[in-house]
Amino acid sequence: MTLQRDLYRQGAVLAISIVGIFLLIIILSTPIMGMFALGPIVSPGGIFGASKGSEYSSGTITLEGIDNTVTIIRDNWGIPHIYAKTKKDAVFALGYCHAYDRMFQMEMTVRTGMGLMSEVMGNESLEDDIWYETIGIEKAAQEMIITFEREREFDSDLDMMLILLDAYCNGVNYEIEHRISTKTLPIEFQLLNFEPTPWTPLKTFVYNRLMSLMLTYSTYDLHATILRDDLFNGNLTAMEELFPLNQTYYQIPVVPDYGNYTLSSGLTNKITARVQTGDIKTNSATIKKILDKTPESVKYFQQSWIGSNNWVANGTKTKSGKPILCNDMHLSIDLPHIWYEAHLVATEDDWNIFGYTLTGTPVVVVGYNTHVAWGFTNVGPDGMDWYEYVWNDEGEYWNGTMWLAPTKRNVTIPVKGLENHTETIEYTQEGVIMAEEMGKSLIAMRWTATEEPTYEIKALYGANKAKNWKEFNQSMQWFHDPPQNVVFADSDGTIALRPTGRYVKRNFTEGLLARFVQNGSDSSVNKDWEYIPFNELPYSVDPDQCYLASTNQKSTGPDYQYYISSTQAAGYRGRSINRWLSEASEGSIDADFMKNAQCGDMGIFDTCSEAFTPFFIDAIENSGEALSDTATTALAKLKSWRESNEKYLMRSELIGPTIFYETFSRFKDLVWNDEYEEAGISVTKPQDNTLEYLVRNDPDSKWFDNVTTTVVEDMDDIMVEAFIEAVKYLENEFGSDIEHDWEWGEYHRMYFNHLGGIPSFGKGSHEHDGSGYTLLAAGGRRVGGGPSERMIVNFDNMTDCWSVIPGGVSGNPANSHYADQALDLWIKGKYHLMLIEYDSVDEFPKAYLEATVVLKSN
Amino acid sequence: MSERTLEIDIRKILKYKRSIAFIISLMGMIVIDLTIASSLPFWLSPLILGIIGGIIIGSAYAGLFTGLGTLAGRFVSILIMILTTPGLMETLNYFLAAIGDVLGAPLPPGSLVIILLSSVICGLFGLLGGLLGGSGTRLTRLLLKEEVAR
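Protein chains in written order, with the working numbering: chain A, 3 to 860; chain B, 5 to 154.
Hints are computed from structural coordinates only; laboratory data are not their basis.
Some hints here could point you the wrong way.
Below 25 angstroms or equal to it, Euclidean Cα-Cα: the simulated DMTMM-like pairs (lysine to aspartate or glutamate) are [what the hints assert, rightly or not]:
1) A:Lys832 <-> A:Asp718
2) A:Lys765 <-> A:Glu298
3) A:Lys730 <-> A:Glu745
4) A:Lys472 <-> A:Asp157
5) A:Lys295 <-> A:Asp231
6) B:Lys21 <-> A:Asp8
7) A:Lys324 <-> A:Asp352
8) A:Lys410 <-> A:Asp130
9) A:Lys87 <-> A:Glu648
10) A:Lys295 <-> A:Glu126
11) A:Lys529 <-> A:Glu242
12) A:Lys704 <-> A:Glu727
13) A:Lys87 <-> A:Glu745
14) B:Lys149 <-> A:Asp8
15) A:Lys765 <-> B:Asp105
16) A:Lys410 <-> A:Glu129
17) A:Lys301 <-> B:Asp105
18) A:Lys185 <-> B:Asp105
19) A:Lys141 <-> A:Asp130
20) A:Lys469 <-> A:Asp798
21) A:Lys639 <-> A:Asp802
22) A:Lys765 <-> B:Glu94
23) A:Lys185 <-> B:Glu94
24) B:Lys19 <-> A:Asp231
25) A:Lys469 <-> A:Asp802
26) A:Lys418 <-> B:Asp105
27) A:Lys418 <-> A:Glu129
Excised from the complex, chain A in its bound form:
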């Protein structure tokens, strides 16, 4: 009996242990919240491998894909200095570095553009994937590849670029395969429980089209149509006062050779166009559908986008007699950062380039070689047309002469945990259908970025190897989208600035029509696109003023014949830099001057506050309004700021900026919100330079009156109300100890957030100088965008060239170079040297060296 009992007992233990093992395996292999499974991730094959790439260490890697040995030196900011014999090997190594440092960023960025987020994130990303497939990012990229493959036989530059692109992909894929096989994928892959897919040229072109999305996708035409119909009741002349097509209020054009705008008048461009409403009134419900469907990430970018700066001074202005070029492109600031600094040397091909690369792209986008330097700002082109059509119950649209059925394209979107989703995307003759109301109207969109293949990659390849203005300018004819103001300087002393890109050829009257949703069913509407020829685009070389600058303001003066843009910046940054550079005496400018202009006192001078603050103070003082003690102190602070040596500086330690900004924000709301709410619209407001025009010239304008009250308010009334409201708000928010608690740095914070929205991978908020209208661009109160890089190239001897990015090289949160530049340099207004002068491994100074990796051909 005892033996039997023992047998049963052991059998039971055996059974329990077997069941327990299976249960434990199942439980620990089950993904938590659809993401990672606990068992694999806390094992040596999981998270413990993700630390690869945490720090840089020296070593030798033997691999296939290169012809000769390549040495990668990581400097003390982790920036790779790549020394190769040929440019093909150099870009292979660049691909390897990109993947080593930014694999997750690369994968997720292209997944976004290709509409493949649902495959890893599940159903919640499906709507956004459909949107990306609809606007045609991947389709455009595919068409680029087909076209380039066809044309490479006849185009040696394009052919070489594609060879380099293949080498780059091999470099990326080497690292992807290595990480998968060694189970050392970055932490985010572990969390989300998926593996990266191989990099292909298609992905590079998707990346390229995403830059267009960031910089030229604009719903401005939709907003303008709502404004025209609902706020101005079709009165274009009235609309032109607040939304001048030819943005002329106090604008200093980028290219100085096409006349100047009169500062006191905005209406230099006489409106001659007819009001074009056509047979149908634009269906605002359809427009609203389009606006609602726009992904939050795109809306976020449109909100945080505040422009870019570039400028150059020639040898007459500089101490050294050689040009100094500066650029800071304002983009959304996330971690890991969008830009990846790299130094590429290819001895056999005479390459020595330092600059900002996009992970996924095998060339330097902005930077310099030993001969030329260049930088970009966005033009703000009107590169999108929207058409509304009459649309019948059979699903056909009227194109002006006949009923047509839309053409269709089916796309399949894989969805994690669900069946694949098939979406049918429809097109009219003009573009892709973005929204429809069956039987009523449909709206289609046409966009320069997807209309036909563009050749930016060829243009950038040309820029990377250019040796002078002529070569550089020739290459820029291929830079199509997103259109950019390109600033240039070379070692011979030439400076230049030119808008480049594809612009639909229109005069201002035609442009006026094109900034609204057009009637696609009206046969009289010109729907043909022709681009302005490159040699007819404006540009300036070695101007008499000895400097050139662009800050997203109006590209040309009134004498330029074509309409090329609709959404310029308000021009305050342009006013600042033009002032600093024009006031600088001959032989006075050096790199320190330029640093000051980017983020020193000149960089944080706010011309908008300079324009408005005196009006606020006068209005409050003359109002006779009984102010509270706090308001009286606040007014005194505002006045003392204006009268101090730090007037209009948006410095973190100052109180004046806080009072001005809060008052100004409320003033704008009080001026515009009543009319907008009465019209029932929530769209773009007039720009602040337009408001400045009204303040300076028309204080009794009807726009100052609050239409919801019975009395008629004027500008001063609204300014006083704004000030009192602002003080009350600040008192509630920060207390009444103005001296200590109302500092700009407390109120105005810079946020370094993680690209994927994981708070722990962000770097918190920091007090921050500047404003939306200072050269150190920091718009809004919660700043999430701004100078995505700062570059100063001094052609004196190339050893005085500076750079900084608001992030770091690595995409690994645990790496010491994840956000080191952001926290140690950028936020403090500091820079690091670019070190282009060290063009061989042996010359690279040990003081700057962190690690050396040698890639050897197998």
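Model the placement of chain B on the given structure of chain A, informed by the hints.
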């Protein structure tokens, strides 16, 4: 060495079989973790080591020793990894914080939590492996004994 001496030696060794099972689990875990573990399913190595330990001890309570052995082995191997891999500690801290973000309940950075979690999971498989190996061995013996008795 005579047959008798050998028999005595084996008996002596068998006297320390719990210790042997523990050491095999511990050392085996360290060696496997630091070499081939990343290419194995997360449950395989502690389970196998547990089963081996269980067979050596030949009883269900072997699970106690193999469980402790694999737990300690994983703990030590992770410590070795941390000491030899720059940035691993920071990665573990970030990982835990990210889990907190995902769960919506912020967790403090704490690589120790990950290390303990990994060790406990490893120990559980070692324990179950020991139970399996030990009870299986014991059961086999009992079945043989019953066969003989018949």
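Structure-based check of all given hints:
For a cut-off of 25 angstroms, the pair hint linking A:Lys832 to A:Asp718 is broken: about 41 angstroms separates their Cα positions. Proximity of A:Lys765 to A:Glu298 is assessed by CA-CA distance (about 22 angstroms); at most 25 angstroms being required, the pair is judged to hold. Restraint check: the Cα-Cα separation between A:Lys730 and A:Glu745 comes to about 16 angstroms, which is no more than 25 angstroms; the hinted pair holds. The hinted pair formed by A:Lys472 and A:Asp157 meets the criterion: a straight-line CA distance of about 19 angstroms does not exceed 25 angstroms.
A distance of roughly 21 angstroms separates the Cα atoms of A:Lys295 and A:Asp231; the hinted pair therefore holds under the 25 angstroms criterion. Straight-line distance between C-alpha atoms of B:Lys21 and A:Asp8 comes to about 22 angstroms, which keeps the hinted pair within the 25 angstroms bound. Proposed proximity of A:Lys324 and A:Asp352 is supported: the alpha carbons are some 22 angstroms apart, at most 25 angstroms. Taking the CA atoms of A:Lys410 and A:Asp130, the gap is about 19 angstroms. The hint holds against a cut of 25 angstroms.
Distance check on the hinted pair: A:Lys87 and A:Glu648 sit about 52 angstroms apart at the alpha-carbon level, beyond 25 angstroms; violated. Between A:Lys295 and A:Glu126 the CA atoms are separated by roughly 14 angstroms; this keeps the pair inside 25 angstroms, and the hint holds. In summary, the hint linking A:Lys529 to A:Glu242 is supported, as the alpha carbons are separated by about 23 angstroms, within the 25 angstroms threshold. Among the hinted pairs, A:Lys704 with A:Glu727 is consistent with the structure: their alpha-carbon atoms are about 22 angstroms apart, no more than 25 angstroms.
For a cut-off of 25 angstroms, the pair hint linking A:Lys87 to A:Glu745 is broken: about 54 angstroms separates their Cα positions. For the hint pairing B:Lys149 with A:Asp8, the CA-to-CA distance comes to about 11 angstroms; that is within 25 angstroms, so the pair holds. Pair hint A:Lys765 plus B:Asp105 holds up; C-alpha atoms about 14 angstroms apart against a cutoff of 25 angstroms. A hinted pair counts as satisfied when its Cα atoms are at most 25 angstroms apart, and A:Lys410 with A:Glu129 qualifies at roughly 19 angstroms.
The straight-line distance between the Cα atoms of A:Lys301 and B:Asp105 is roughly 24 angstroms, inside the 25 angstroms bound, and the hint therefore holds. Under the criterion of a C-alpha separation no larger than 25 angstroms, the hint pairing A:Lys185 with B:Asp105 is consistent with the structure, at around 24 angstroms. Restraint check for A:Lys141 and A:Asp130: the C-alpha separation of about 16 angstroms stays at or below 25 angstroms, so the hint holds. Restraint check for A:Lys469 and A:Asp798: satisfied, since their Cα atoms lie roughly 16 angstroms apart, inside the 25 angstroms limit.
At most 25 angstroms may separate the alpha-carbon atoms for a hinted pair to count; A:Lys639 and A:Asp802 exceed this at roughly 40 angstroms. With a C-alpha separation of about 14 angstroms, the suggested pair A:Lys765 and B:Glu94 falls inside the 25 angstroms cut-off, and the hint holds. A threshold of 25 angstroms between alpha carbons decides the hint, and for A:Lys185 with B:Glu94 the separation of about 18 angstroms falls inside it, so the pair holds. The straight-line distance between the Cα atoms of B:Lys19 and A:Asp231 is roughly 95 angstroms, outside the 25 angstroms bound, and the hint therefore fails.
Between A:Lys469 and A:Asp802, the direct Cα distance comes to roughly 20 angstroms. Compliance with the 25 angstroms bound is thereby established for this hinted pair. With a CA separation close to 21 angstroms, the supplied pair A:Lys418 and B:Asp105 stays within the 25 angstroms bound. As the CA atoms of A:Lys418 and A:Glu129 are separated by approximately 14 angstroms, the hinted pair is consistent with the 25 angstroms bound.
Checked against the numbered hints above, the structure violates hints 1, 9, 13, 21 and 24; every other hint is satisfied.
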